[in-house]
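Trainee: The lines below spell out each chain.
Number of protein chains: 2
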Amino acid sequence: MKPIQVGLLGIGTVGSGVFNVLQRNHDEIRRRAGRDIAVTMVADLDETRARAVVGDQVAVVKDAREVIANPDIDVVIELIGGYGVAKTLVLEAIAAGKHVVTANKALLAVHGSEIFKAAADKGVMVAYEAAVAGGIPIIKALREGLTANQIQWIAGIINGTTNFILSEMRDKGLDFDVVLKEAQRLGYAEADPTFDIEGVDAAHKATLMSAIAFGVPVQFDKAYVEGITKLSSIDIRYAEQLGYRIKLLGITKRTDKGIELRVHPSLVPAKRLIANVEGAMNAVVVHGDAVGTTLYYGKGAGSEPTASAVIADLVDIARLEGAAVAHRVPPLAFQSSTLREAGQELPVLPMADITTSYYLRMRVADEAGVLAKVTGLLAGAGISIDAVLQREADEIGGEGSTQTDLIILTHETREGDMDKALAEIQGLPTVLAPITRIRKEELN
Amino acid sequence: MKPIQVGLLGIGTVGSGVFNVLQRNHDEIRRRAGRDIAVTMVADLDETRARAVVGDQVAVVKDAREVIANPDIDVVIELIGGYGVAKTLVLEAIAAGKHVVTANKALLAVHGSEIFKAAADKGVMVAYEAAVAGGIPIIKALREGLTANQIQWIAGIINGTTNFILSEMRDKGLDFDVVLKEAQRLGYAEADPTFDIEGVDAAHKATLMSAIAFGVPVQFDKAYVEGITKLSSIDIRYAEQLGYRIKLLGITKRTDKGIELRVHPSLVPAKRLIANVEGAMNAVVVHGDAVGTTLYYGKGAGSEPTASAVIADLVDIARLEGAAVAHRVPPLAFQSSTLREAGQELPVLPMADITTSYYLRMRVADEAGVLAKVTGLLAGAGISIDAVLQREADEIGGEGSTQTDLIILTHETREGDMDKALAEIQGLPTVLAPITRIRKEELN
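Protein chains in written order, with the UniProt record's numbering: chain A, 1 to 444; chain B, 1 to 444.
A hint or two may mislead.
As the list claims (entries may be wrong) - Cut-off 30 angstroms, straight-line C-alpha distance, at most; resulting in silico cross-link-like pairs (DSSO-like, lysine-lysine):
1. A:K181 - B:K271
2. B:K2 - A:K117
3. A:K271 - B:K230
4. B:K271 - A:K172
5. B:K271 - A:K271
6. B:K172 - A:K271
Hints listed in this document are in silico derivations from the structure and should not be mistaken for laboratory results.
Generate coordinates for the entire structure from the input sequences, incorporating the hints supplied.
Mentor: Below, the structure written as C-alpha cells:
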C-alpha cells in the first residue's frame, strides 16, 4: 500500500517527539501498520528550529496553509494548541479532506462538536489520543476496550503539574507558593501556570472523557472547575493522619439525574493505587458496570510519551484509510446519530445536585459544647459523620491557646445540603475563621 | 446494518456473563457498535443450565458443531477451555468461515500459530482480549495503543489466584499450604490448583503478550515457569524489611541477544504501584521506548469482567466485519508477513542467559568469617552486592542458637554466573541448608 504522508503543524516539544519516534521506530511501526508512515512536510513559524529537527529530506514551510493545500498530504497533525488559529487550521484541514490528529484538549473540549460534525460531513477522521493523559491509551480504552460497559464513573489525575506540586507539598511539608516556584524552575510548571493550577487543563480532559464515556456532547462550559491554589499544607497533613491523600481529580459520573463533571482537590484513601501516583505522572480510574474498577497509569506529558499517543492515532488512521465510515470507531465513542443533545436525558448537574462526602476543617474556640453544636447542625441537615479529629489547643496555637482545629469527615450528602449546613455553622460565634471544605472520593 | 449473530460454545461462568451483559447493556453497546449484537445460539453439555441462563428466545443445543454449522452465525465464542476439543472446534469454526472470540490462553499460547494461520488463510478474525488479564484491555493497549513504541519489557501480575495467596501470606503471616486451603474454600483457587500455583496459567498469558509485544510467534514451550509453592512466609517478611514485596510476575523482555520469557516469584520495590496490587486483582506494567512505563490494572477473572473483554472483541468484529483484511488489526500485532520465525533474530533466551538481580537467603553458622567467605565468592563471580541483612542468631534459632540467616540482595547479573556462584557457596561447610534464591525486578 502507498505510504501515509503526514504534515506536521508546529514542531515544538511534541512535534519533534513525533518526528523522532517515527524515524527511530520506522520499521517496527511499518510492521504493525502494514504501510509506511512518513512526515513529509512541516510548518512552523520558526523555520530554522524546524529544519534543525527534520533535516534536509522534509519540506519545511512557515505557512501551515501550504501543508493543508498539499494534495499529497493524507493526515495533518495539529500541535499548535489553543482555540485560535488551531481551530481555523483544523477546520481548513478537514475541509481539504485531510484526516486530523491533534493533542489539543482545549480546542476539542470547547469546539469539539463543531469539529467532529465538520469531519463527519467531510468523511475524514479526527483522532486525539494525545489530548488526554499523554501516552496512556485512555481514549482507546474508553472508546474500544470497555465497549461492553455502562461506564459509571471516571476519576483521573490528568494534570502532571498539579500532581507534582501536591506530591512536593506532602513530601516536604511546603506551601503551595513555594512549591510552585520550584516546579517552574524545574520545568514542571509553565511561566504562566494558570491553566494547570486553576484546574482548567484537567477540566478540558475530563470534559472529553465524559463525552466518550456517556455518549453526550463535549460540554466544557458546564464543568465545575476548582484548582489547587487555595490548598494549605495543613490540610494535606490532616488528611494524611486520617488515612487520605489529596489529589486534584477530574471526575465525571453518571447518576439517575444526570452527569457530574467536576475538577477539584479531593481526598482519596491512601491505600488506593491512584493515591500513590506521585510526581508528574497521570492515572485514570474507570469504573464500568461489567468490568468493575480499572486503572491506567503513565506519563501524562512530555515529548515522546505524547508522541506515542499521536503515532498510535496515525497507525489507526493508516489502517482505516480507505475503509467505509462504518468500519471506523466513532470519534466520540457512540455513533453520531445516537449522541444525546446537550442537556437531553443526561444533563450536566449543577454542583448543588452532586453527591459526595467531605473533609471539613474549622478553626474553633477551645471551649465546651462546640463539637456538639457543629455536629448538631450537620445532623439537622441530614449529614452523617464518618470521623472526627480534634487537635489539642496547645498544638495549634501554642501553649495557652484558646483556639483549636476541628476536622470532620462526613458520609455522602448532596452538595446543596452541605452548602446550607456550612453557612449555618460558619455563623456560629465559636467558629473563628472561614471553614475549609474539601470533597472526598472513595473510588472503590 | 444487519445484526451480528453470535454462537456461544460453553455457558458457564464467563458465558453467562457474556449473555447477561449483552442483554443488560444492549442499547448502549449498539450505540457504540453501530449494529445489534445478539447471542442467538448456545451449545453446552448441560442444556438445562444453558436454558436457565438464556431463557426461551435463544436456541440451545448440546453439540457445538450445530452452532458451527449454522449459516446465520457470524461469530463463534469459544469458552470451553483447554487444548483438546476447544482446539478442534475453533479450527472447525474458522474452516466454516466464522470469526472466533476466545478467552482460552492455554490454547493460543500452545497452538496459536496454527490457529492464526488457519484464520488468515480463511480471512476470518480471531480475537482474544479475554485471554490475558480478564477485563483489563491489555491486548488492545499492546496491539494498538502503543504501536509507536519498541516495547522493551512487560511485567504483570496476571494470575489472581496466586496474587490472592501471596497477599494473604503477607497480611496474615501464614504459610502457603494454609492459605491455599482458604483460597479454595473462598473460590479463589480451584480444586486442582496446579495450573495457577505452578505458574502455568501466568506463563500462557506472558507468552501471548511476548508475541504481540515483539512480533515473534507464541513459544510457550520455551517459557521458564516457576510457581509459588516453595515460597516461605519468612522470605516474604525479610523482603518486606528490605522494602520489597514478593509477587508472581509474568515477565518478557527484549534484549540485544533475544527475548526473556519467564514466570517466577519476584521481589518488587514496595513503592511501585504494581507491588500494591492486592488480592485477586491483576496489573500489567508495559515499558515502551517512547511512552516510558505504563500500567494497566483491573479484575483478571470473574464472570462479568471477562465478559467485558469478550464483548469488546465482539464490538471490534462487528465494526470490521466486511472490511478488507488490511483494515483489521493483525492478530499478533504485526502484519503476519513480517512475523519473525521462532528462534530467528530474537530467540527466547535460556535462563542461564537472562539478566536480573537476586534475593538470597542462607542459613549459616553463626561464626566469624562466614559473610566474608560468601561475599568473596560472589565478588569472584563478578556479582556485586546491593544490601545485606544479617539476623541475630538468637532471633532465628532461639537463645543460644549457633545458626543465623544471611540475606543478600545483589545487583544485576547473568543467571548462569549466579548459578555457578551459588553452587560454590552451597558447598561451604558453614552454609547449613539449601540456599533460597528469588529473583528481583526493579520495574522502573
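Trainee: So, for every hint listed, does it hold in this structure?
Mentor: Consistency of the hints with the structure:
Of the pairs offered as hints, the one joining A:K181 and B:K271 holds, with about 27 angstroms between alpha carbons and a cut-off of 30 angstroms not exceeded. Straight-line distance between C-alpha atoms of B:K2 and A:K117 comes to about 26 angstroms, which keeps the hinted pair within the 30 angstroms bound. Our distance criterion of 30 angstroms between C-alpha atoms is met by A:K271 and B:K230, whose separation comes to about 29 angstroms. Between B:K271 and A:K172 the CA atoms are separated by roughly 18 angstroms; this keeps the pair inside 30 angstroms, and the hint holds.
About 12 angstroms separates the Cα atoms of B:K271 and A:K271, which keeps this hinted pair within 30 angstroms; it holds. A C-alpha spacing of about 18 angstroms is found between B:K172 and A:K271, which places the hinted pair at or below 30 angstroms, so the restraint holds.
This entry satisfies every hint, going by the numbered hints stated previously.
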